[in-house]
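Residue numbers (the working numbering), protein chains in the order written: chain A, 817 to 1034; chain B, 35 to 246; chain C, 40 to 281.
Just so you know, the hints here were simulated from the structure itself, not pulled from any lab data. It cannot be assumed that every hint is accurate.
As a list, the in silico EDC-like pairs of lysine to aspartate or glutamate whose alpha-carbon atoms are at most 20 Å apart [as the list claims (entries may be wrong)]:
1) K156/B with D98/B
2) K969/A with D187/C
3) K50/C with E265/C
4) K969/A with D188/C
5) K156/B with D191/B
6) K156/B with D133/B
7) K156/B with E889/A
8) K57/C with D187/C
9) K969/A with D890/A
10) K156/B with D145/B
11) K156/B with E132/B
12) K156/B with D890/A
Far from chain B by the CB rule (all over 12 Å, computed), these chain C residues [to be verified]:
13) I93
14) L116
15) R165
16) L260
Yeah, the Cβ is synthetic: ideal placement off N, Cα and C, and Gly gets one too.
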Amino acid sequence: MIALLVRDMRLAMRAGGGFGLGLAFFLLVAVLVPLGVGPNSTVLALIAPGILWVGALLACLLSLDRVFALDFEDGSLDLLVTAPIPLEGVVAIKALAHWTVTGLPLTIVAPVLGVLLNLPVDGYVWLVVSLALGTPALSVIGAFGAALTVGLKRGGLLLSLLVLPLYVPTLIFGAEVVKRGAEGMATGTPLALLAAITAGAAALLPFASAAAIRINLR
Amino acid sequence: MDLRVDQLAVARGGVTVLEGVRFALPAGRGLVLRGPNGIGKTTLLRTVAGLQPAVAGSVSVAPDAIAYAAHADGLKATLTVAENLRFWAAVYGTAAVEDALGRMNLAELRDRQAANLSAGQKRRLGLARLLVTGRPIWVLDEPTVSLDTASVQLFGDVVRGHLGAGGSVLIATHIDLGLEADVLELGPFKAIGPRGGGAGGAFDAAFGGDFA
Amino acid sequence: MSFWEYANPQKFMQLSRKVMPWVAGASVLCLVGGLAWGFFGTPDDYKQGSTVKIIYLHVPAAMMAINAWVMMLVTSLVWLIRRHHVSALAAKAAAPVGLVFTLIALATGALWGQPMWGTWWAWDPRLTSFLILALFYLGYIALWQAVDDPDTAADLTGVLCIVGSVFALLSRYAVNFWNQGLHQGASLSLDKEENVADVFWFPLLVCIAGFVLLFLALVLLRTRTEIRARRMGALLARERMG
Chain A
817 MIALLVRDMR LAMRAGGGFG LGLAFFLLVA VLVPLGVGPN STVLALIAPG ILWVGALLAC
877 LLSLDRVFAL DFEDGSLDLL VTAPIPLEGV VAIKALAHWT VTGLPLTIVA PVLGVLLNLP
937 VDGYVWLVVS LALGTPALSV IGAFGAALTV GLKRGGLLLS LLVLPLYVPT LIFGAEVVKR
997 GAEGMATGTP LALLAAITAG AAALLPFASA AAIRINLR
Chain B
35 MDLRVDQLAV ARGGVTVLEG VRFALPAGRG LVLRGPNGIG KTTLLRTVAG LQPAVAGSVS
95 VAPDAIAYAA HADGLKATLT VAENLRFWAA VYGTAAVEDA LGRMNLAELR DRQAANLSAG
155 QKRRLGLARL LVTGRPIWVL DEPTVSLDTA SVQLFGDVVR GHLGAGGSVL IATHIDLGLE
215 ADVLELGPFK AIGPRGGGAG GAFDAAFGGD FA
Chain C
40 MSFWEYANPQ KFMQLSRKVM PWVAGASVLC LVGGLAWGFF GTPDDYKQGS TVKIIYLHVP
100 AAMMAINAWV MMLVTSLVWL IRRHHVSALA AKAAAPVGLV FTLIALATGA LWGQPMWGTW
160 WAWDPRLTSF LILALFYLGY IALWQAVDDP DTAADLTGVL CIVGSVFALL SRYAVNFWNQ
220 GLHQGASLSL DKEENVADVF WFPLLVCIAG FVLLFLALVL LRTRTEIRAR RMGALLARER
280 MG
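Make the full structure from the sequences, and use the hints.
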């Protein structure tokens, strides 16, 4: 299992793009939004939590189609299915690897981009906390979408269509945490709900994803 | 360590392609599948390897006994030869990487990226994976594709060594590897689905009955 | 005779051929009768004027938009557990019907919202939930379209339907949390005092019955079409095999 995590992270590093692409996209969103909305700092402060969360979500989405597709194309997915690791574990590890190279770096750079969007001072802690708690759910849900579409021609677009509605609760609770935090309100409820979604998704979705992969491979 | 296949029917794309396949593969023996392209050799091997469900019949084998090698080698282009093998050795919990590199004549290429290997070298690396699995039953789908004569010889020796050590091999190939193996000729088969709906049959077969 | 016998395509075709004209006819009767009664036979609302009468389209469509998904969930489960092919096809057949009902609910809602709230669209929890529901339908239909092998498509969409149902419920809750909303409370419930008055109630019930029957008729028709298409595929495949 650890070998798989190491391999996936090594592949992501060597292929380049894995790390950089999502971060670059996130940066672009944070730069383009003020250019589109205007430099009014009150307006930017108001929309910053939502923009940062939507940006992180889309940056996550960007690399999802590679989670299983590469292994499918070169045949290693077949070999992994017949290997002595439960497929549910393979899925969970691959989602974890995806999070480590996308969700984690996004969480780390988010405060810097918060400055660009004039996020209120009280919001920074909650931005990092909510992304750290919420982005694992994005990776796990995304891995489910990738499992459904593995092996399909033009699977990338379909993947987005399938995954975006599933991202709704995570996005709402995640952005709500930052919004309330930035306004100095209590963040307990949305934070607990966000954590519940991540925990539930991480515990249950690998089973659905593994089922989808088995169906797709036969 | 026997592999037993009884009255097996397999389907590809919802259409049954082989039916009533039966054979037994005891330890130390090899079985070669032959038959024209499209007859269902790959489908049969995938079913035996547990990658797809059987339409009917049974495959009985001890758990964790089969190592499967398909057309694609499952190599990662950006990893080196040794890294590729070490990954699979870790997955299967063995430590036979050096031995496998030596036996497939890959020791000199150990630090080269898989992307820079020739087709035949990649194939040898793919087959070296079988050695690090430590599994007794090898299920091989056209293993000699893109191998030159010397490499085929080498691979034949490796398979013989595996059989000599009490392993067994189920192999779809058209090339004579010089094995003492039984041959199973797969003949064409006319697909007739089960009538009516309900559990079992492939999706399309359920709609093959007579109705208005 | 067991209920499951109708999962046999042949039995299903025989039964549905007999039942469908009656269902379709009853649906037309209920819809024409209910809508005419609702539009011409009920008084205008003292606050909302005659705009209130869009309720006869809006409420039944919205109810059936949700019920269609529930029906898809049940039929998907039946397929995944008992492998009855007709069940999988019924789920496939219901999805576009459910999507159209969702769009009707959204469109009539916009038409009603304009004079009432002064806007075509508001990010009200109910409207938002229906928009998200429409996205779920779109994804489900797109997945059916994208997968070539019917067995695989049925399995994958079944898994998506189950996971999607959980996330649709979560989204509903999340959206409520996110915005308390403009939308009035439920028009119909069995225990609340604030139900619509009886004069509106009865034609509304007839309209709901009409929409339920319409949904049944459309799903039966589409399932029959799917079965025929599948049969053609099976026969062609057999011909290719010789």
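Hints, one by one, checked against the model:
1. In summary, the hint linking K156/B to D98/B is not supported, as the alpha carbons are separated by about 25 Å, beyond the 20 Å threshold.
2. Proposed proximity of K969/A and D187/C is supported: the alpha carbons are some 10 Å apart, at most 20 Å.
3. With a C-alpha separation of about 15 Å, the suggested pairing of K50/C with E265/C holds against the 20 Å cut-off.
4. For the proposed pair K969/A and D188/C, the alpha carbon gap of about 13 Å is at most 20 Å, so the pair holds.
5. Proximity of K156/B to D191/B is assessed by CA-CA distance (about 18 Å); at most 20 Å being required, the pair is judged to hold.
6. With a CA separation close to 17 Å, the supplied pair K156/B and D133/B stays within the 20 Å bound.
7. The suggested pairing of K156/B with E889/A holds, with an alpha-carbon distance near 15 Å, which does not exceed 20 Å.
8. Among the hinted pairs, K57/C with D187/C is inconsistent with the structure: their alpha-carbon atoms are about 32 Å apart, more than 20 Å.
9. In summary, the hint linking K969/A to D890/A is supported, as the alpha carbons are separated by about 15 Å, within the 20 Å threshold.
10. Restraint check for K156/B and D145/B: the C-alpha separation of about 13 Å stays at or below 20 Å, so the hint holds.
11. For a cut-off of 20 Å, the pair hint linking K156/B to E132/B stands: about 17 Å separates their Cα positions.
12. Note on K156/B and D890/A: the hinted pairing holds, with a Cα-Cα distance of about 12 Å set against a maximum of 20 Å.
13. A cut-off of 12 Å between C-beta atoms confirms that I93/C is not in contact with chain B; the least separation is 42 Å.
14. A cut-off of 12 Å between C-beta atoms confirms that L116/C is not in contact with chain B; the least separation is 15 Å.
15. At the 12 Å boundary, the C-beta of R165/C stays outside the reach of chain B, the nearest C-beta of that chain being 38 Å off.
16. Listed as a non-interface residue, L260/C keeps its Cβ farther than 12 Å from every Cβ of chain B; the least gap is roughly 15 Å.
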